[in-house]
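Q: Listed below, chain by chain, are the residues.
There are 2 protein chains.
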Amino acid sequence: MRFYILSIFIIMSISAQAQDKVVLVIHGGAGTILKKNMTEEKEAAYEAKLREALQAGYDALTAGKTSVQAVQSAIHVMEDSPLFNAGKGAVYTNDETQEMDASIMRGSDKQAGAVAGVSTIKNPIDAAIAVMEKSEHVMLAGKGAEEFAEKQRVTIVDSSYFKSDVRLKQLKRVQDHEKSVLDHDGDDRGEFDESENEFNVDYIEDKKFGTVGAVALDSAGNLAAGTSTGGMTNKRYHRIGDSPIIGAGTYANELVGVSCTGHGEFFIRNVVAYDVAALMEYSEMTIEEATQRVIEKQTEMGGKGGLIALDKDGNVSLPFNTAGMYRGYITENGKITIEIYDHQD
Amino acid sequence: MRFYILSIFIIMSISAQAQDKVVLVIHGGAGTILKKNMTEEKEAAYEAKLREALQAGYDALTAGKTSVQAVQSAIHVMEDSPLFNAGKGAVYTNDETQEMDASIMRGSDKQAGAVAGVSTIKNPIDAAIAVMEKSEHVMLAGKGAEEFAEKQRVTIVDSSYFKSDVRLKQLKRVQDHEKSVLDHDGDDRGEFDESENEFNVDYIEDKKFGTVGAVALDSAGNLAAGTSTGGMTNKRYHRIGDSPIIGAGTYANELVGVSCTGHGEFFIRNVVAYDVAALMEYSEMTIEEATQRVIEKQTEMGGKGGLIALDKDGNVSLPFNTAGMYRGYITENGKITIEIYDHQD
Chain R
63 MRFYILSIFI IMSISAQAQD KVVLVIHGGA GTILKKNMTE EKEAAYEAKL
113 REALQAGYDA LTAGKTSVQA VQSAIHVMED SPLFNAGKGA VYTNDETQEM
163 DASIMRGSDK QAGAVAGVST IKNPIDAAIA VMEKSEHVML AGKGAEEFAE
213 KQRVTIVDSS YFKSDVRLKQ LKRVQDHEKS VLDHDGDDRG EFDESENEFN
263 VDYIEDKKFG TVGAVALDSA GNLAAGTSTG GMTNKRYHRI GDSPIIGAGT
313 YANELVGVSC TGHGEFFIRN VVAYDVAALM EYSEMTIEEA TQRVIEKQTE
363 MGGKGGLIAL DKDGNVSLPF NTAGMYRGYI TENGKITIEI YDHQD
Chain X
63 MRFYILSIFI IMSISAQAQD KVVLVIHGGA GTILKKNMTE EKEAAYEAKL
113 REALQAGYDA LTAGKTSVQA VQSAIHVMED SPLFNAGKGA VYTNDETQEM
163 DASIMRGSDK QAGAVAGVST IKNPIDAAIA VMEKSEHVML AGKGAEEFAE
213 KQRVTIVDSS YFKSDVRLKQ LKRVQDHEKS VLDHDGDDRG EFDESENEFN
263 VDYIEDKKFG TVGAVALDSA GNLAAGTSTG GMTNKRYHRI GDSPIIGAGT
313 YANELVGVSC TGHGEFFIRN VVAYDVAALM EYSEMTIEEA TQRVIEKQTE
363 MGGKGGLIAL DKDGNVSLPF NTAGMYRGYI TENGKITIEI YDHQD
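Taken in order, these protein sequences are the chains called R and X.
Quick note: to get my numbering, add 62 to the position in the first sequence (first position is 1).
Quick note: to get my numbering, add 62 to the position in the second sequence (first position is 1).
Just so you know, these hints were derived from the structure itself, not from any lab.
Take the hints with a grain of salt, since some may be wrong.
Copies of one chain are not kept apart here, so a pair can be met inside one copy or by any two copies together.
Under the rule of at most 27 angstroms between Cα atoms (straight-line distance), these lysine-lysine pairs were calculated in the DSS-like manner [what the hints assert, rightly or not]:
1. K213 to K241
2. K184 to K205
3. K196 to K98
4. K234 to K196
Isolated chain R (complex conformation):
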């Protein structure tokens, strides 16, 4: 049954790309998503939520709303779901709090907004959009970002909104694992071995997984890209990953929009989201060539993850170098394609 559904998706995907332009693409995180570790129920839940997010963004676009509003609508669905590491489902920090990051960029005028390390904002993408639209700044952090968001009437919630037994258990597993690594190595760097034993798969899954993102193309031909995340489980020292960094986790110009997911440090160091745009503009690569090249660079450096990209002509690319990435797109005619695993699986 699962094979049947996926076969249809692949066929739909091929025909969709040939016939019909894509207007919205989303991801719900890349990681060690292996079919053997997935239940049918879990798979169905992810597929349903990705479909809902795509439909919400599509409805915004068909109602004549902007690409920024479509990105916002799609990301809201994922931020409001406990399935993803963003908003409601944000992972725990070392202090058992949530510190969320989000960013948005509008391609037409290259305006951008981002928040880093916010703990009280229901939908961090809304705060990023408020920074873009209502301030002279691009990036606000921590309590200052929350204070600004509150003034702009972005919805604030009590920290209890983010509490979850599942996420707390993830934190404990990560802490136990890091403690055992620490005891063994006497190393305080918190690094982890990505070798594929069962325990590490769980560990990595727990640690850095589930960032959400969207790129939309509206009826005026304008692109926008947005990303939202809870960051890394057990993170300390107010670590900031690539998601709120314009150029790294999110980028949009008149040519292409990009949102990334994965091991953020590598995405920052390779300026991944902007690199897709630079390769397209300066090296005259197609979106497919450019995105493949940046993922190759990530692989060479040792950075795991993926990205979604959508260009001004409605061409889409969704490469990753992990076992899977929750992803999907919808065409102008409303055809939805959703995929989870690697095509080769």
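For chain R, the structure is supplied; the task is to place chain X on it using the hints.
A: Leaving out everything else, chain X in the frame of chain R:
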């Protein structure tokens, strides 16, 4: 006398570029630096401090130290001086505190480190280097960054270290100006009119000026770039500018190193530091062509500022679109060039 000194510098600059490769380039901020507003004493003080910074970095290089260590030595001199908006001379936030940002990137392996919004670290560049060398992360913020830096034995100082009557007066002038703009426009966006009347010149000077940076090329042929700043006077909401953003304010790879200064939001939106590298690699531009192109893009977008860039062959470029930029470089043979104003002045 001033004309005579500057003429010598220009001649030295031309001959230096033709004969001798540059090993270290620094800036102390770009802005509305007009000769008519400068005293001879002030000019001499800046020149002496830039010379001291270049010499410190050069001494590190000739002692066989790495490009990262040379950048650190040069930036220390400027961070420890009240002349620049970094470290000791960091400007005041709206809360009458300091919130400093810094970043470092090593070209050979594209490792990077950054801190944002730190208030207690004497030399924020040291904290950025500690993040690069001692953590698995690239970017840490606020109290978390301070906690990490303290663990790594980075020098912590009492907040009184940063107190300064000059900077406090700047804050008051900026606040008075913004209040008058607010009263006039009823607009809480804190934007400012950059028209060139006397008051605005002072205002802009007070507001966003004096970021420091350095790019070095060591004897092993490795580049490194670093940037350190106090950010914008009167900033609120924990605003983060381009200085701690890898790709925006700082970037280095095997080909080129870049450090930026100016109106940070524009530098983030154009991913300026990485854009220089992308134009050189993908469009096969020279360092001169690439840096001119990115400054043109900044001008088109309305972003004021400048940058310094040094490539693997020791070619240097120091473009800006403001009236002046404190800047200088030193060649392999120890020849120092320092400039402040635009050549056309």
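Q: Compare the structure with each hint and give your call.
A: The hints, checked one at a time:
{"no.": "1", "hint": "K213 to K241", "in the structure": "between (41 angstroms within a copy, 18 angstroms between copies)"}
{"no.": "2", "hint": "K184 to K205", "in the structure": "both (14 angstroms within a copy, 23 angstroms between copies)"}
{"no.": "3", "hint": "K196 to K98", "in the structure": "neither (47 angstroms within a copy, 37 angstroms between copies)"}
{"no.": "4", "hint": "K234 to K196", "in the structure": "between (39 angstroms within a copy, 24 angstroms between copies)"}
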